[in-house]
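**Q** Hey, can you work out the whole structure from these sequences and the hints?
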Amino acid sequence: MLRLRPWRAIALMVILTILGATSPLIYAAPTRIVSINPCLDQILIEVADPQQIAALSYYSLDPLSSLITDRAKHFPSTYESAEEVMALKPDLVLASAYSSKATLRTLKKLNVNLVLFDLPNSIEISAQQVLSIAELAGHPERGLALNQRINEALARAKIQSSKTPISALVYQENGFVPGDKTLISQVMTLSGFTNQASAYGVKYWGIVHLEDLLHSPPKVLFTPTTRNEVGSWSSRIIAHPVLTKLPTNIMRESPFPENLMSCAGPTLIPLAKAFSAALKSN
Amino acid sequence: MLIAVVTLLSILSLASGRIWIGPEQWLSLDTLSQTLMWDLRLPRTLLALMVGASLGLCGAALQGFTRNPLADPALLGISSMAALGAILSIYLGLSSLEPWVLAAAAITGAFVGIVLLILLSGLANTITSFILVGVILQTLASAGVALTLSMSDNPWASDEIINWLLGSLQDRSWEDFLFALPGVLIGTAFIMLTRPALDALSLGEIGARALGVNLRNTQWLLVLGVGLVSGSCVAATGEIGFVGFIVPHLLRPLVGNLPSKLLIPSAFAGGAMLLAADIAVRFSPGAQELKLGVAMTLIGAPFFLMLLIKLRRQAA
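Residue numbers (the numbering used here), protein chains in the order written: chain F, 6 to 287; chain Y, 772 to 1087.
No lab work stands behind these hints, which were simulated from the structure alone. Model, not experiment: these values are computed from the prediction.
Heads up, simulated SDA-like pairs for lysine to any residue below, C-alpha to C-alpha not over 25 Å straight-line:
1) K250/F with W797/Y
2) K250/F with E869/Y
3) K168/F with S281/F
4) K208/F with I933/Y
5) K94/F with Y84/F
6) K106/F with N118/F
7) K186/F with E216/F
8) K208/F with S1055/Y
9) K186/F with P262/F
10) K224/F with M808/Y
11) K106/F with M922/Y
12) K285/F with I171/F
13) K250/F with W809/Y
Away from chain F, derived, C-beta distances all over 10 Å, residues of chain Y:
14) G793
15) T899
16) L918
17) A981
18) N988
19) A1047
20) I1070
21) G1071
22) R1083
Where is the CB? At the ideal position from N, CA and C, for every residue including glycine.
**A** Here it is in structure tokens:
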């Protein structure tokens, strides 16, 4: 038995007790989280405390692609480069597996606490990602709450969907189209549409040119309310007169907010609502 | 004879695409097919003919003026400069002001290209220096295109680069055709005005001056003409090369060497060639159509090589 002076023994016991009592909190929630992907930003801003967020992505400030521009401008932003990230001395970095390879390689080499997220191709994966980010931020209960809200929104859309689904196609710039195996397609089908993309052989993402589109047109064509880049090829194809010339009983264009088309997580709530609204007006 | 070829090809073009719509069906089309023919295939056919004719004409005129067999708007960097002009106007937001601004910006780019070409290749007008200047302009302009697009916020920027630099007629509309038409018509008029001067130039500069040709005027007419024509075409289709280069060479054995006699046949042959190439790319295997600019390069590069070998043999 060690011979300890009494006060040393008491001090040791106090320290051990405190350590034991706080061991569940050993996972210290990160205090400087940097996200370099606008879709992850949207989840992060819902589940983390503002003081935990060190920076978001610059693209969250673009109203054409982000839903959180008003909230995002209160945070510092990066252009998603490794240099900026390191300068912020983060204790957690959230990135997409499709972020710039060079940036990811550099961050890994510098031993940053980097967590990568793949493109969510289903509602389940999106829900898992929400939970993961909430847990990483130290607030798992907020992740569960957010998933609850998302599921409620999806359920509402499902209830409002009619028995006979209408064929539809999401037609983005350059003729870019999401196929059956994408998340946006799942939400679309849930809301009462069928995805026409399979008629053109598109499974994940693909480009559909106008001749192919005219050959088997969907009943509803969702086109983005466009960027103001008149004349660029990417916007010319969706502004092509052929899309508006078809009689509405064959195909009708339905303008769709562009910032709902690229992200998962909390974006699914307004996305489901928009599809339901489109269903009603068709 | 060329007119017959063009007519035949036009009919073929209207019928071709992912779905074959032969002439026998043309009188009994349903709404969808009507829209397809009228709004997609017809503008595409007319655009192919117009752009092909323009490029053929420009090539013949440039080759006559510079007395250089390698002259062609794309090879000399004029088309790239036009593309640069167009892209700058898009990303500076100017093209959204008025619908014709895009074509005007492409034309301006082409003007700058030709003026630079004339200034830089000026006195040392050997074949090598000419091509060198062309390569410089091409590189500069392509770099400018990439730079502008890399600074843009648009997530589709890299697709945009491909579309401008590789040239295509897919998904074009009547608007693309109609906005290019005025520039092409006016430019063609200017080029046609230079016919006597081009003939005189085949005697050399001194010979031409002796015949009373005002070389300065000819130069500016050509600058305006080629600039207007190639600029308008690039605004509609992106960069397409080699048409202006190949066509005059193919026709010289048939029509003779006199530049003025080459102009109109080059236009027809250029139109026919581009339309034929466009029909061919519509039958590309696989999901994506081959870009027309790429197809022309595949045809043109071997031709270019053959010509260089022939020139080397002549010089040796």
